[in-house]
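Asker: Under the working numbering, the first residue of the sequence shown carries the number 1217, and numbering increases by one thereafter.
To be clear, the hints were calculated from the coordinates, so they are not data collected in a lab.
Misleading hints may appear alongside valid ones.
Below, a list of computed lysine-lysine pairs in the PhoX-like style, where the Cα atoms sit at most 20 Å apart [to be verified]: (1) K1761 x K1701; (2) K1551 x K1622; (3) K1743 x K1701; (4) K1551 x K1709; (5) K1748 x K1761; (6) K1799 x K1844; (7) K2005 x K1983; (8) K1684 x K1748; (9) K1760 x K1748; (10) K1684 x K1743; (11) K1842 x K1995; (12) K1338 x K1749; (13) K1338 x K1799; (14) K1842 x K1338; (15) K1983 x K1995; (16) K1761 x K1749; (17) K1799 x K1842; (18) K1743 x K1761; (19) K1684 x K1624; (20) K2002 x K1983; (21) K1622 x K1684; (22) K1701 x K1622; (23) K1995 x K1844; (24) K1748 x K1799; (25) K1743 x K1754.
DEER-style ranges, computed between Cβ atoms [to be verified]: (26) Q1835 x H1773: 39 to 47 Å; (27) Q1923 x V1486: 24 to 32 Å; (28) A1497 x R1322: 23 to 31 Å; (29) R1879 x L1451: 23 to 31 Å; (30) H1773 x K1338: 50 to 58 Å; (31) A1975 x K1995: 25 to 33 Å; (32) A1481 x W2003: 42 to 50 Å; (33) Q1303 x M1691: 24 to 32 Å.
Where a beta carbon is used, it is the ideal one built from N, C-alpha and C, also for glycine.
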Amino acid sequence: MSNAPSLSKLNDDADYGFDKKDVKLEQGKQRGLFSFLTEGDKQWLVYVTVISFIVRLAFLSHPSVVIFDEVHFGGFAQKYLKREFFQDLHPPLARLLVTLSAWVGRFDANFSFYNIGADYIKAGVPYVTMRAFTAVSGAVVPSIAFVTTRAMNLSFFTSLAIATMLIFDNGFATQSRLILLDSYLVLFTTLVAFFWVLFQRQRESIALAASCKWVGLFTVVAIGIYTIVDLWNILGDVNNSMKTVGRHFMSRALSLIVVPLTIYAATFWVHFALLRDFSPAASSLSIEFQQTLRGGELSPTMANVYFGSQIRIRQYRSEGAFLHSHASVYPAGSKQQQVTGYHHRDQNNLWIVRRAFDVNRTYVEEETDEREELVQLRHLDELRLEHVPTGRFLHSHVVDPPISNKEKQKEVSCYGHNPSKFSDYNDNWRIEIVDSVGNSITEEDEDADMNDGKEKKRKPFVFAIGTKFRLAHRMIGCKLHSRNKALPEWGFKQSEVTCGYETLRSNQIWIVESNEHPLADPNTSLKSSFPKKSFLGKFIELNKKMWDTNAGLSAHHPFGSRPDAWPLLARGIGFWNGNHVPKTEKQHKEEKNKKAGKKNASGEEQPEEDPEDKLEQAQLAQEYVKFKGQQMYLLGNPVVWWSSAAAIGIYVLTLLTFRICKRRNFSIAAKIERSSFGSQLHFFSLSGFMFIQWLWHYIPFFGMRRQLFLHHYLPALYFAVLLFAILLEAVLAGVSSAVKLNDQNSRRLKIAVLSLYVAATIVVFWKLAPLGYGLRMSKTQCESLKWLKRWDFDCSSLVDPVSNAIVTSAN
């Protein structure tokens, strides 16, 4: 049997000046959710909360500019208020809470949060209100930790020390004072731990955590493991009937699966309800999804596709791009005209269906036929696609593609020229209609049903929107293919298009999105249109898109870090530097468009710098002088981070040693198991629960190749701090027992150790506070804080002398 403390056992160790009889009497009277809290606990809980609010809300208005990822999350709030659709990596709940704060502050949505350093005050943004929401969310975390550790039967002094650690951790304090999502994630994650300890209402908080960021799913997994084991133990108890087991299973399935999924889906329902209007961000989603957005609806198009039709072709998959070309050429390979995938509608996506090249047939004859007779396109017809703006034909040949696998794929280009009547057989393609699962309808399928006097089936027609097809090259046998693999700058970051032999089938399937013909009457022709996606369809598609976007976020960031650097605080994050003057909004937009490939696709030259832009930049530089010598750098409190990392190491090392000793039947194993510390060396003790939570919130990051930052460790850090509290309590109890201290001296030892620890935490917080609050520092003060070489905050641009007092005015 485990000696781990029971959750129902009330701790009477924390009299801290109260009469024990009164404490026990008060505990006996209480029967509610917080029955384990004494009146003294409640008084100190108020003190803890007030101090936490002061630390989080101090200097909240400084700096009065956009900081780090406020660019994204403030920008999302603007889009919510303007009802413009956007995409992000994370589920909607935390973004909706940020939007709520903007709405409460009466934000007029005229500021785009376009760049780090952009001025809030000049634009009239209620940024203090928006920051206050996240600060309040962060401020209650230490209070929840205090209540959670008291519920875990830790002493008052240990619980107070842990709350103090969290109040004065520079990382938690800095991250929770800005318009970011992590405060909400950590808040709901702490509630999971609290409700799990109480065994009540915990599953709702799980849903809220997962609805903020997918990191919250780690909480679901950890709780799920414990639930499965709990059910297994219930099933194995012969005193439980199958009816009882069934009730336990159904109640857990309802609260751990149905309720969280309902809450998670409900946040998306609100998300879709608010984002009603189409924007370019929706272009990478399916047309059926876009049809549900105001302004994204496509008018019905002519259904029958004829030779001579002018069409737009796009990939069938949800994030598929249009088949696109422009006047620029490949810098290597054939050096012919580029063919790319482009997610936005424009004239360079237009193609005309021409008959296949035949050396015995002149271009004039082909064009005359198309003008005099409507011939509908059928399965297995051969054709050419003429690019409307340039007059060249879609072409492939045995030439290596620009960036893809050279053995399995070949270059696709535009070649020849319509007015000169120049073409060749490498312009010929065969259209192959595919069924609902992407299999080709072969010629054998067409001829199969000829027995019993039945007529041979006619090849099916190609229809706009309703027909999925592949384009097979007639000379080299490959299929037209594209995936979301961006070309370099010379290709304007658009998607590569190739002709593939053994490529993913879904990347080869295309549809005709729009279709018109000069001989067809648009008023009498059969029409095709796209259906609108249901809520469930949109929910599934957007979650898939979020997953893909998360996986694809692999670009280098100057302040990115890997998980192995987090527990020991090897590196922080530069949030903002007042010594660096930001770009103007116009400069930022031009740079963004250039990176997105929206400029120069038609060979346009970059515009020269406007004199007004130079003047605006000079004015901005003058205004930014007031921030000279100030910067904000996310860095945790080393006392908190290093001690919690040590707790993890000690727990694992002691656990392994204990298991080995017990396996070998060493006598010391029994002594350890009977000790206060030994009671925590069980997988299903409270320490085991905290360790597993830390593990699930930390280890999965090692498998991610996306951009990662120090703040991703904050949920794991919370559980490491709680584990530290449990082990510290056990160690102090073990020391007291080993040296045979009486209760009074044991309490004195505990107070002395915890007081020293708390004092060290507060002193270090005070020293590092200028970095977290963005206060002015001297060069000497800044350099004195570089305790590790990789702490790369900027000291080079600072000067002496400046007052070192933390109370220096932020202004």
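Asker: Run the distance test for K1743 versus K1761: straight-line Cα separation, threshold 20 Å.
Answerer: violated (30 Å)
Asker: With the threshold set at 20 Å, check whether the alpha-carbon distance from K1338 to K1749 stays at or below it.
Answerer: Given that 20 Å is the threshold and the Cα spacing comes to 42 Å, the pair is violated.
Asker: How does the Cβ-Cβ distance of Q1835 and H1773 compare with 39 to 47 Å: does it lie in that range?
Answerer: Between Q1835 and H1773, where Cβ atoms are some 30 Å apart, the hint is violated.
Asker: Does the alpha-carbon distance linking K1748 and K1761 stay inside the 20 Å limit?
Answerer: This hinted pair holds, its Cα atoms lying about 18 Å apart.
Asker: Can the restraint linking K1684 and K1624 be considered satisfied, given a maximum Cα separation of 20 Å?
Answerer: Violated: K1684 and K1624 sit about 23 Å apart, past 20 Å.
Asker: Quickly compare the C-alpha distance for K1799 and K1842 to 20 Å and report which way the hint goes.
Answerer: At roughly 17 Å apart (the allowed maximum being 20 Å), K1842 and K1799 satisfy the hint.
Asker: Mind checking the hinted window 25 to 33 Å against the Cβ distance between A1975 and K1995?
Answerer: holds (28 Å)
Asker: Would the pair K1701 and K1622 pass a check requiring their Cα atoms to be no farther apart than 20 Å?
Answerer: Within the cut-off at roughly 15 Å; holds.
Asker: Holds or violated: K1684 and K1743, Cα atoms, limit 20 Å.
Answerer: holds (17 Å)
Asker: Next pair to validate is K1748 with K1799; report whether the Cα-Cα distance is within 20 Å.
Answerer: violated (41 Å)
Asker: Would the pair K1684 and K1748 pass a check requiring their Cα atoms to be no farther apart than 20 Å?
Answerer: holds (18 Å)
Asker: With 23 to 31 Å as the target window, see if R1879 and L1451 comply at their CB atoms.
Answerer: holds (27 Å)
In this structure, the hints that do not hold are numbers 3, 12, 18, 19, 21, 24, 25, 26, 30 and 33, in rising order.
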